[in-house]
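Just so you know, the protein sequences line up as chains X and P, in that order. Each residue of the first sequence is one higher than the last, beginning at -2 in this note's numbering. Each residue of the second sequence is one higher than the last, beginning at 21 in this note's numbering.
Heads up, some of the hints might be wrong.
Unchecked claim - Restraint ranges, calculated between C-beta atoms of paired labels, are given here:
1) P/301 / X/60: 36 to 42 Å
2) P/162 / X/145: 29 to 35 Å
3) X/262 / P/413: 17 to 23 Å
4) P/79 / X/53: 36 to 42 Å
5) P/48 / X/18: 36 to 42 Å
6) P/62 / X/43: 51 to 57 Å
7) P/232 / X/20: 54 to 60 Å
The set of hints was computed from the structure by calculation and includes no laboratory data. Every residue, glycine too, gets a C-beta built ideally from N, C-alpha and C.
If you want the building blocks of each chain, they are given just below.
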Amino acid sequence: MIVALLLLIPFITALALMFLRPTQQAKNVALISTLASLGVVLFAWSAYTGGTVIHYNMDWVPAWGLRFVMGYDGVGLLMLILTAVVFPFIIAAGYGEKLQHPSLVNALLLFTQTFLFGVFLAQNTLLFYIFYELSLIPVFFFLLYWGGEHRRAITVKFFIYTLLGGLSLLFGIIYCLGQGAGFNGDFATIGALNFPLSTQIWLFWVLFLAFAIKLPIFPFHSWQPDTYAMAPLQGTMVLGAVMLKMGLYGIIKIVLPIVPQGVIHWQETVIVLALIGAIYGGIIAFRQSDLKRLIAFSSLSHVGLLCAGLFAWNSYGVSGSLYQAFAHALLVVCMLYISGAMKERVGSSEMGAMGGLKLRTPRLAALFLLVLVNAVALPLTQSFVGEWLMFAGLWQVNGWLAFAAVSTIVLGAIYMLFAYQRVMLGPDKWALEMTDATTRDHLVLVPLIAVTLFLGVYPGPILDLVDVPVQQLLSSLSLN
Amino acid sequence: MSALVLISVLGVVLLYLGLFGNRGLLAPVGIVGLLAAFVFFAADWQLENALFAGLVQFDTYARSFSMVLIVVTVLLFLFGIDYYAKVRENVAEQYALMLFSLIGGLLITSFSNLIVLFLGIEILSIPLYILAGGKRDSFRSGEAAFKYFVQGSFASGFLLLGLALLYGSTASFDLPAIEAHAASIGTGTDMLFLLGLFFTIAGVAFKVAAVPFHFWSPDVYEGAPTLVTAFMSTVVKTAAFAAFYRFIGHMQLPEAVHTMLILMTVCTLFLGNIVALRQTQFKRLMAYSSIAHTGFLLLAFLGFDARTPDVLFYYLGTYALATVGLFIVLTLAKRAAKGDEHIHIFRGLFRSNPWLAIVTMLLLLSLAGIPLTAGFVAKYRVFVLSLANGYLLTTAFAVVMALVGIYYYVIVIREAFTPGERGLQLVVAPLNWLVISLCGIAVVALGVMPGLLRM
């Protein structure tokens, strides 16, 4: 029931929006739909007692090995919560945007949500792949229609780049399906594959490429900054907050179980690449003059760290990475929302044009500061918990890697505070009245900030959720 | 048997109808007749009957493909009602020629004697030479007909030579006898037999437009009337592939033939996809995309197992559906653009005609092989098949080429969904609307429930 509801609520609402085109009410309808999904997910969370909950398990086309298996475990549930929590705020952010055809915008967003739920609910590799690719299609049209400059070229680049990874993943999946050995594509039987090390070494990259591009980690990131900067605000939120988490989820659910030895073999390479991306993203972010581009590169930096933490493959690293994935989703939405709010007031997101806004919009400045505190991972914020765990995990792998990882925090503090200084502080360039944070701004930002602060003080609920699956995952790794 | 006779008579009836000026009746009579033939095939389902002293063998395989060929022809006839509405002369001949060509198609999906293969291919092709030149006052159409005729005759020569060589080494035209001979050779060499296989395969490969026998296809596709192009890329291609599999599907192929097939697959995949990237004329794009799809289909020919016929059947059936729909959309857009075929004519289609744009998107996504469309399942199954037969690198190459394919389809989708521009106002006849919608819905339905289309 939960699975059906999660797929049908956004899907049917999206269809209704697309065909009925209720221009006036579109945003409200979409908001109600996402809140309903959130309710369902929270109910699922309260009813969850551990293990893997399978809701549907049936053959789709038995003769061709297609199966339809849907359900979730702790990690999947975390991703579902993340998606469900973030989406109402993404829809709410649309109230400030003056995009044409709001019913289509919201329909596409809800289609995306449907397919994202599908990705996190799928318990079969091929089903996972199908939803994974499908989630691209609404985003493709969203970017193509409502994107900024050069959207035609950038959208196609983004699409093809991501599909390159997707097809590589498909190839890997088909290869695994062909190997038989009791593997029918279900996550439950995924451990049955026991490839020799020589196979695992190349198969790792075939499978990992999809997620490396999706995240993205260095050097597969070149689609990301342009796409993030060009995309409309809500598009960037979807991409940055939720879609890249599919990469993390895919690594845990597909890459690790199929090629555990390959993962160990390439562990340090991936960590180094991810950290190069993290540091490089931080340095480039510092050089940006556009707030949205800065956020794009800071996201690159954060994601690099997420991936590095995951590839520590110990309980600190993996839990930290998952925890930080949640924190990062909220953070990205907050940051982008603020950049949108500034753009609404100043007219562009160029930081050179801003400055001294604190005098005009003190409340907004205060909210920005609270978000910033989370972004630079100050203690008692959610990011601090996640990053601390990841550093601890990396430390167990290699001290120097941990050192490199910590340096990204310093970089983060530099570019974030510098951005704040350029936007909010300094002389008042705008000698005109400006609306301060509105009720809507408060309604979006305050709950998100409250959640980040609460989970910064009391991370238990989320960590408990992922603890058992992470332990299982790691024990399977040591068995091999 | 009855279906074959029925369709042949139907062609003659249409000619008479045309002679007495009953133009309005042509397509309806043709469609009713084809549906009757479909029913004949369906009624004999699961029966094995050998016709003409065993020259033709109507088994489940032949019958399934025949039924697909008939359904696609019906769709094209439905499209023809609008397509030929303004044409004054020779409409009856065009319908009749398509039916005669279809007979050839039915024969080569069911042959069990190589003479019938040759006859079938000729019956299939000769009407097409005329049809390609259907627009008598068009220079390009004449060029297409001539090109197709010259190269087609050349291919027929190859085929005939191949058949003669096969006869020379096996002393029989019967397929089972040839298969037995191939098995008896084993790993030894029989040069005559090998050459015979080479030439015969070359002759068939010409019909499916596999590289290096593809040179005719872009020019002919571009020059021929769109309805005929649609006929060639669906009915002819499906029939030719069915014949191809029938010919070598149960044969123990010598190693050299295998190598040839692999080379052909790789070259077809590469050339079809890469050259398609540079196309700006939609019909040429479809021609190269057709070559590319030939490449994916050939991938299924590298190694055979029990699943192969079904995989081919599914792929060809869904490919035909998507292609028919797209050619109808092209005709409508081309008409609105006064003869222009550049992909720009699709620009802004979404604003001027949203439903048509959505269906076009679905059809293109299906050709590109995006999940939840039939094209994805089709490609997926081909990849599964070739990986199961151990062609790791070839399949990896095909996957990369599938990505290239997605690019040029997405470019067209991007044109249709270009924001802010209102496209050409297309006039869509209700029947065309119906056929296009049918294709679009079928492509999604078969993608979600792939089990519906099977042998």
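Hint check:
no.	hint	verdict
1	P/301 / X/60: 36 to 42 Å	holds (40 Å)
2	P/162 / X/145: 29 to 35 Å	violated (49 Å)
3	X/262 / P/413: 17 to 23 Å	holds (22 Å)
4	P/79 / X/53: 36 to 42 Å	holds (38 Å)
5	P/48 / X/18: 36 to 42 Å	holds (38 Å)
6	P/62 / X/43: 51 to 57 Å	holds (55 Å)
7	P/232 / X/20: 54 to 60 Å	holds (56 Å)
Hint check: a violation occurs at hint 2 only; the rest are consistent with the structure.
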